[in-house]
Amino acid sequence: MKLKRGKMLVDPPDCASSDIAFTLIIFFLVCAAVQPETGMPQMLPKTEAKTEKREQSQNIEVSITPTSIVLNGSPLQLPEFAQRIAAALKPKTREADRIVVVKSAPDTPYPTWVHVSQAIGQAGGILTLELESERTINVK
Amino acid sequence: MKLPRKKLTASVPTFAMGDIAFLLLIFFVILARAQDDSHIQWQPARLKDVTMAAAPRASVTIDTGYKTYLDGKETSPAELAAALSKILGDAPAGQRNVFLKVHREARASHFEPVIAAISEAGGDLIHILEPEEKPATP
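Note that the protein sequences, when read in sequence, are chains V and Y.
Position one of the first sequence corresponds to residue 1 (the numbering used here), numbered consecutively onward.
Position one of the second sequence corresponds to residue 1 (the numbering used here), numbered consecutively onward.
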């Protein structure tokens, strides 16, 4: 008579499972925390008082709408705008002359605004927002 | 004859230590997430030539529903300037970074009052954007 040999059950040791889970969480937390962020800095001087003197007639004016960018009355597309604003600001040496007044239509998309803002910044202009509420903010 | 009494040892069971640590960690992770703004839904706009952003003092977000959040808590643009001034305090220039995370579909009527509020609080504005992908070369 043959006696059947009992099968030995081999369980993987699980005493360290929680420690492994703990280490994995730490790993993913660290990975999430060090994700770098990229962006475009803009120096914002504090908002000036309402009675601030403005020399709008001498400043470059830019109007942004969802479909076009208007520079001193001429509608342009972004690549052309970047060239024209750089050319317009090149001869201006005084900081006060480098102010660019930007008026945005309420439905202007954020990406368009950011592209225009970058073009003005790269051309050396000082961006000034003109809001509907008659407040002026200088953005360098 | 004296029989020696067996000493009873009382030890703290340590089987569950790992599980306790795990649960504590989950607790603190949830607590930390409640203070940051990673739960806010927004998609960044794309731009060429973006730079690495320095650590912020505060983070302002406009989400997909065009609601404004300051450090993960919903606020209104009207209240933003005062709240930001409180956070920024007397920090010197260069250490007053404020991240502005605007959902790419937001309009000027949503983000301009927020920029005005950051300006009023004297924050150093950093638009958080995604780098534009370069076209694949054949």
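One thing to keep in mind: the hints can contain errors.
[Unchecked claim] Straight-line Cα separation of at most 27 Å, DSS-like style, residue types lysine-lysine; simulated pairs: (1) Y:Lys48 to Y:Lys73; (2) V:Lys90 to V:Lys103; (3) V:Lys103 to Y:Lys7; (4) Y:Lys73 to Y:Lys86; (5) Y:Lys48 to V:Lys103; (6) Y:Lys48 to V:Lys90; (7) V:Lys103 to V:Lys92.
[To be verified] Here are the computed distance ranges between Cβ atoms for each label pair: (8) V:Met8 to Y:Gly72: 52 to 60 Å; (9) V:Ala21 to Y:Gly94: 23 to 31 Å; (10) V:Glu80 to Y:Gly89: 23 to 31 Å; (11) Y:Ser38 to V:Pro106: 40 to 48 Å; (12) V:Cys15 to Y:Ser76: 49 to 57 Å; (13) V:Glu80 to Y:Phe27: 33 to 41 Å.
It should be emphasised that the hints constitute simulated quantities derived from the structure, not laboratory data.
Ideal Cβ positions, reconstructed from N, Cα and C, are used throughout, including at glycine.
Status of the hints after comparison with the structure:
Distance restraint check for lysine 48 of chain Y and lysine 73 of chain Y: the Cα-Cα separation of roughly 30 Å exceeds the 27 Å cut-off, and the hinted pair is therefore not satisfied. Restraint check: the Cα-Cα separation between lysine 90 of chain V and lysine 103 of chain V comes to about 22 Å, which is no more than 27 Å; the hinted pair holds. With a C-alpha separation of about 87 Å, the suggested pair lysine 103 of chain V and lysine 7 of chain Y falls outside the 27 Å cut-off, and the hint is violated. Our distance criterion of 27 Å between C-alpha atoms is met by lysine 73 of chain Y and lysine 86 of chain Y, whose separation comes to about 15 Å.
The hinted pair formed by lysine 48 of chain Y and lysine 103 of chain V meets the criterion: a straight-line CA distance of about 23 Å does not exceed 27 Å. Under the criterion of a C-alpha separation no larger than 27 Å, the hint pairing lysine 48 of chain Y with lysine 90 of chain V is consistent with the structure, at around 22 Å. Simply put, lysine 103 of chain V and lysine 92 of chain V have alpha-carbon atoms about 21 Å apart, close enough for the 27 Å limit, and the pair holds. A beta carbon spacing of about 55 Å between methionine 8 of chain V and glycine 72 of chain Y agrees with the range 52 to 60 Å that was offered as a hint.
Taken as a hint, the range 23 to 31 Å is violated for the pair alanine 21 of chain V and glycine 94 of chain Y, whose Cβ atoms sit roughly 42 Å apart. At roughly 44 Å, the beta carbons of glutamate 80 of chain V and glycine 89 of chain Y sit outside the given window of 23 to 31 Å. Range check, serine 38 of chain Y to proline 106 of chain V: Cβ separation about 30 Å, and the 40 to 48 Å hint is violated. For the hinted restraint 49 to 57 Å between cysteine 15 of chain V and serine 76 of chain Y, the CB-CB distance of approximately 53 Å keeps it satisfied.
Distance hint for glutamate 80 of chain V and phenylalanine 27 of chain Y: a CB-CB separation of about 57 Å, inconsistent with the stated range 33 to 41 Å.
Hints 1, 3, 9, 10, 11, 13 from the list above are not met by this structure, while the remaining hints are.
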